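Let's have the full structure, built from the sequences with the hints guiding it.
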Amino acid sequence: MTLPRLLVLSFAMFAVGTFGVLARRHVIAVLLSIELMFNAANLAIVSAAWAHGLLHGVVVVFFAIAVTVAEVAVGLALFVLAHRLRGTNQLDDLNTLRG
Amino acid sequence: MKDLAFYGFAAALLAGAVGTVVSRSLYRAAFSLAATLLATAGLYFLLTAAVLGAVQILLYTGGVLTLTVYAVALTDGERLAGPRWRRPLPAAVLAGGLAVALGSAALSVEPSVGLGGLEDGRALGVEVFTTYLVPFELLSVLLLGAIFGALVVARKEREP
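As they're listed, the protein sequences go chains P and S. Residues 1 to 99 (the numbering used here) are what the first sequence spells out, left to right. Residues 1 to 160 (the numbering used here) are what the second sequence spells out, left to right.
Note that these hints are calculated values from the structure, not bench results. These numbers come from a predicted model, not from an experiment. The reader is advised that the hints may include incorrect statements.
As a list, the in silico DMTMM-like pairs of lysine to aspartate or glutamate whose alpha-carbon atoms are at most 25 Å apart [unchecked claim]:
| # | chain 1 | residue 1 | chain 2 | residue 2 |
| --- | --- | --- | --- | --- |
| 1 | S | Lys156 | S | Asp76 |
| 2 | S | Lys2 | S | Asp120 |
| 3 | S | Lys2 | P | Asp92 |
| 4 | S | Lys2 | P | Asp93 |
| 5 | S | Lys2 | S | Glu110 |
Structure (structure tokens):
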């Protein structure tokens, strides 16, 4: 378990998440893929903090996790609203700003 | 022993990530994401950041999984009309290129190993409540705003 291996793992997860964001059609699936990318970034930060023995990276990730959970709550509420107004959550059908 | 645990968590993490992206059912995608997040929490424990691992399990995994399952149940549920993908080939090429570029950059990092003892709860608490006190309080304001925002956006309009 060395820093490069941890970074490779986190970057692999980031790339998988990127693919999901670009290729999935359902908004909730895209949000879950964004979560993957968030998680990959968190893992990279904690790995670097571990390798250099710095506590600040852990604090940053602590805040990032809390902000991410707030973002997920608001995002999912928006998706529920979009589904109520439009009857769909497929990205291709949600292409106007009008309710 | 630690290396074995690392590879186990890494395998679970990647399997969960791929499952999140490819599964047709959104429930299955949500639970795959939860598996990934739990494996990440295990890695945090290995990286001697135990409090962060606990936060990851309680706040991140629990929160995201619960919210997602409710959102899926309130919207489409299991009915997913139409294809799963939208132009998967260019996306795969882009993501693969990103993986290769980032991976080659990561392999040129010098292979340093942490000494352990990165975080104990006491040091983290002291840090959060002294150096990072203002961001911490702003965080509570943000969470309150998020709660009210989600409530206002998603509530049903009452008939007058």
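task = Taking the numbered hints from earlier one at a time, note which ones the structure violates and give those numbers from smallest to largest.
result = Of the numbered hints, 3 and 4 do not hold.
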